[in-house]
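Read top to bottom, the protein sequences are chains A and B. Using this note's numbering, the letters of the first sequence map in sequence onto residues 1 to 499. Using this note's numbering, the letters of the second sequence map in sequence onto residues 1 to 443.
No incorrect hints appear here.
Stretch-level coverage of chain A by chain B, calculated; a stretch enters the list once three of its residues show a Cβ under 8 Å from a Cβ in chain B:
hint, segment
1, 73-87
2, 113-125
3, 152-161
4, 465-477
Honestly, the hints are just simulated from the structure, not real lab data. Quick caveat: nothing in here was measured; it's all calculated off a predicted structure. Quick reminder that beta carbons are idealized off the backbone N, C-alpha and C, glycines included.
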Amino acid sequence: MSSKDTNIQRGYQHTKNLWEKTHSANTDQCNEYIDLSIASDISLDPSLARKKLDNFPQLSEFEVVRHYTQLSQKNFSIDAGMYPLGSCTMKYNPKINDVVAMNHKWTGLHPYTPEHLSQGALALMFELQQALVAITRLKACSLHPAAGAHGELVGVKMIRAYHDKKGQQRDVILVPDSAHGTNPASAALSGFSVRELSSNAQGVIDLEEVKAKMDDRVAGIMMTVPNTLGVFEKNICEISQFVHEQGGLVYCDGANLNALVGQVDFSKMGVDVMHINLHKTFSTPHGGGGPGAGPVVVSDRLEPFLPRPFVEKTSEGLFTWSEATDDSLGRFRTFYGNFGMLLRALCYIYAFGKEELSLISEVAVLNANYIRSKLIDYYHLPFESASLHEVVFSDKLQNKQNHVTALDIAKRLMDYGFHPPTMYFPLIVKGALMIEPTETESKTEIDRFLEAMIRIAKESQETPDLVIKAPHNVGYKRINETQAARNPILTWFDSSSVD
Amino acid sequence: MRYIPLTLSDRKQMLQDIGVESTQDLFSSIPSRCRFEGQPALPSKKNESQLISYFSELADQNQSKFKGWSSYLGAGAYQHFIPSVVDLLSSRGEFATAYTPYQPEISQGTLQAIFEFQSMIAALYGMEVSNASMYDGASSLAEAVLMAGRIRKQRNVYISQAVHPEYIDVVRSYTGDVDLELIMLPVGNDGRTQIENVDLEQAAAVVFAQPNFFGVIEDLTVCKKFGDVVTIVANTDPLAFGLLQEPGAFDVDIVVGEGQSLGNPLHFGGPHVGLLCSKKKYLRQLPGRLVGKSIDEDGREAYVLTLSTREQHIRRQKATSNICTNHSLIALRSAIYMACMGRNGVMALARKNYERAHTLCEKLLHIPGVKQKYASDFFHEFVLELPTPTSTFLANMEKQNILAGIDLSTWNAQSDREILICATEVKSDQDLDLYVNAFRGAL
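Bound-form chain B, shown alone (with noise of 0.2 Å):
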């Protein structure tokens, strides 16, 4: 076996060296009544050759992009062109095989990276601190709610019905087994969230999404009126922040974030990584790592892991979260996806994506019988309401090899005309004349 260096004649010096006759008597002390019986139900054994055969024939019975077929999907997983730069530097065995940095005078890369991209975020959210990543923003956003709950003890978390429905999904998952009721806010015909319902003295969280689910982008300036309780935003996609006011200038308490967009494949929905941002003054109460910066017994700058008091390996069910393992590698490819775009990069990004679904969104509103569902601006994705069923005009589209938006009926049955259509810095000129001429013959 190739992974495995050992020889013969290794193994048997190893064997009589350790006192016994055969790696089996190592296993002496597991019961006989439990032991595995014959072998796996599992193929043969592949060498590197047949490994690239059968998993390419495997990758070749998708449909992507790569075999003609163009994607206006969103909904929390964008395409965007990732720099060559991203691929290769964090593919680097040094940075990819290594472990958490427990170890910190031979981690100052990962540390150094780390500190960095928590830097970044922090700018970018126009927030004070980042911890070092969580694994999405689904999770994230649990987190920050369980975080709102220790911080404000109240009950009622109200979250918008523009959060991704995945989100939701989560933070009830997250939630069921601690006393917080979560409770919706409505969004109205311009697509941002109504917060006529929210009862500020029984509240702990008030969470909107920006831009919402539905692409649109909400008026921030309502966090400013809720006092005490603590006001969380998620984000799909950083790079909106490229153009849009930064929830930190509303003064949002914490922000959760799915960090994807920021250099990292789709790969069918992981890994990405999550990002979580508050106030410094609830260090104490963020979930997961945090890297700071030191100095060594010399006096050299360095960075270690710190306030692990607040983690699982010190304090065990006091913990603030159950968190180890997060998305190191992800952040670190961010934090290479951001250095290489720059400031200047990252703005003129992000006007190059709501510049291309506005294109596209006005080229589709000549179409007859295709209307707007909400009125208020948008950032890189919309909503349409269709003069037929979202699924035959998504079936009709997809015989011209395009994905062509995402059925809101997924998660809503009444949404059945409506369709959730994405476009990005990735999409040319050309290719949106084509989406329009084959969605004129689709519908």
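Only chain A is shown next, with the shape it has when bound in the complex (with noise of 0.2 Å):
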């Protein structure tokens, strides 16, 4: 044994890389998965054709299952344990969902496929339309976007439409200082200025607030219904009421909708236009980074400017693609939506159908305050509003004592076998810990994660080093952010430097 191995630790086993594992000696390997043997050499100008293919692996079948089993085992997952990640709303994906997203009548059907022989692919998104129309009660659904970010920079494109179609010049969009950084950001990409709005002592926006920013170059207002505090905005009504008077629309990020399923009719509460994030309240998996999906659902007011094309039925019940109009925003994505994630979201609403569905919100309201009620003699509250689905406390308490952080929290966190909260944000909370437990966890698994969380804030005051050098026992020490950023090396063969 090499002294290295005397390092193993639980968890803790080197993946070499792809690179690593090819041999010179398999190099003329190639894996046959269908007959690729040509009849006769074939007739492309040497002038186009590539010399060699470098810096590519060469593995047997075998060597890449071990590979990428191994990999799998280096990654948390919701389905490994519980995972608190507020704004992610990290709940179950039930398997049914990708065994009937995974058919082959589904999967093997091309884009491009006629209309008339694709009517099932078409009747499905017609009804996933109706459902988030039906659990928004607005009044148009586009299932074009592809993720909450890009559903976002389709709602303020809309509303960049609405106002050049009356011949307005406004150009500049309200976000509260809590808000997603991607609300700020798709503003700007739409050619917004972004005017931002403080929140108060309760962590809401206030009318008076509004007012004061509001004049007659905004074209509108986003809001995170409940914000990222996890509490309701409760003048949300009277704000959307003004900053309609004022000509504005009102942008709602639906990515905290899973307080709100059932709970909240969004055409009386003045909504022009939201994004829902379906890889959130629909449970289609994150997939360590998406495929998500981001439709948007839309008001009377923003309908003719829906990106195009979506589903319409005839009178005689078919399904057929709506045409283009002048007002359309037109394309943001290749063909028609991220259509695999639709399926498995639709299977998800079907599952509660009408008779359960508003459950969705009110186990994970009740998991969140459950949470709220038994932490908060341990951790410091920056705000006393009612919490929905989420609670957000902050290091306050820990850090005054002995310097122990949120993120040495979260990292301790790992140790006991739970992924971290989401930390540092919203960025009004200085050491946050955003916890957003989901409808989908048992109490046991909840008083788990609780009895972890009083047992760090008192490591934070008995043995504080222990929760400072954390994580101990998940295979990996911190891992330098900072070397990572000064020096990128972003594929295996890249030496080089940039400045």
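Two chains, two frames, some hints: make the complex.
Structure representation (structure tokens):
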């Protein structure tokens, strides 16, 4: 055994990369999946042909299987344990959704299959459009966007198109200081400048704050409801009414819809456009960073501007692609949407049905409030307003006492077998720890999580080093992020530096 | 409800501990004027057995190759064989049900896999760096054009008319509110982009597709003529570069691609995966996530998300893009696919694709009245001119359970006798003969 082997801890196993596993001895190997032989040589002009394919691995199939199986074992996942990552809605991703979505009759369908031969796919998309309209009570839906931020971009562009059509020069969007970073980024990408709204002492936006920042350059307001503190924006109806009176529109960031399914009527809230993260509220897997899906639902004000195409039903009961119109935004991607994700989301919605859909938010909110009630004696709660589906604590107590930070608490949670909460967000809370349990955790698992959090609070007092130096038993110590950014190495064959 | 583990007694206990009577009390912060009244207009709940029946009945309303149909459709979404390994490994819950790897100590699986993905994509395109993925090829191209505008502060973006029309639409949508003007470059009789109109002074970027929308292989040596103008190559099938000279060899600045062909199903158009590579000197202008190599405190090799100061969660409105969630799992699938195929597999596969399409094209050109539209060589799809309107021809082919190709009048009314046909490695000699016979009868 080399001296290195004595360092092996639970969970740690160095996985050589694919190139380190590529041996010169097997470079003439070729895994046969389908006949690749050709009868005669091809006629391509040598000047157009590639000379050689360097830096590409070559392994046998079983080596590939081992490689990725070993890598998978180095991942924490919701399948393996509680993942209370605030604002990300890490809930159970039912296996049936994957089975339904990976049916070969869907996966083999080419997007340019004529509509009369793809009626099943169009029907499915139509049903999901209808379902999202039914759940929000807005007017119309496009399934086009690939993710939440993509939906935001589409939504903000619709707001711009609405004002352009009216011949109004409005180039400012109001965004609360508690918003996700994607909100201002999406607004900027649409050519808007961002005017920030300050949250009040209860963590919400006052009507007076909106009045103070509103003028005739403001195209609209982007509100996250409930906001990133998990607190309902209690002035939202008045704010919407005021913004509308001033000629602006209301964008609702639907990232936190898990708190409100079957609880809030978004048309009554005055929403003109919202995106829905199907990978949050409707359980499509996060995939280690996507793919998700971010459909947009709109009020009748914005309906004409929806991206095309979407599915319509004819009077004969057939499904058809909507025609392009002058007002439509057009396309933000190829084809029609992340179809495989749309299938999974509809499967989740139908599993609950009209009878039980509101259970999603009821239980998600119950779980979050239970966590709040149990941790409030151990962690600082920066805003005391009622929590919905998530609760935001801070590291204030631990930091003051022994300089234990939110990061340390997060890393220590890993040792107890939990994924950490979202850290340092929202930005309006110093040392934030944002906890979102969702509706799919059992009480037993939540209690185990609470016990871990309480133990960490005690450790922070009694043995702070244990927390500050965590993690201890997940296979890796803290990873040096500064070095990675200072000297970026982004491919295995990259050794050069960049200024 | 089977997805909700709480029992009634759990709930009762929890409510008691919280100190409220009912769960509805927890919603009292929501004003009554915007509460949801009644039930949503949805069907009744379905158990798993009912879900399976319901969705398979819907699926059966489609025509696909599993019902005796064959397809020669391409145009940005291609039918390739997918090894079983790809579906099974990528659907492991450890990969599929993880979030973005913000906590690297417990996300090394995703991080290493994406680092390897970046490496393989960069190698395939012959580029220095690749990001961790985008939504699809079209949105990647739009982001690349915006990136070019940041690199070279000029107004004009010259874009080949032989770029996929939907990609052009997406670029238009993304750039509508910034100070960039799109100028189309025409396509010559040889099927290649003509560059005479490019005004180098005012140009921010020039965009080509390789192979282009008509399947034609462009001569990318022209990319070397553009000096400081940012050259962008868009690609809808990365497997082409198992055979064709890689864009990096022509000193191209940015390469974008659609990675669907790398082990990902057609799935009626998504989710697919966007690829985005550039020279390393443009690193800080790249949109999207990047995985970099580092070490942990004990010196173990490890990977992290890096250079996030470009991104929206740090920079907010000053970020290089608003992208957050990308298409990581499809990137992982692509990595597994590339690892399975290996260098030799990718090269053999590309040759086979070229050979299949050329074999088919040659057979079809023996049919009287059928002509090849463009003179230049192509990869795995090609445009034919038919003696009859394409729409009539396609309807006749459908009667024989064949999706024969794509009617180019979809995008250009004057092309009503043109068809784009794709043949990949999945077509056997017998398939091609059946197709040719049907073709003859359908004209």
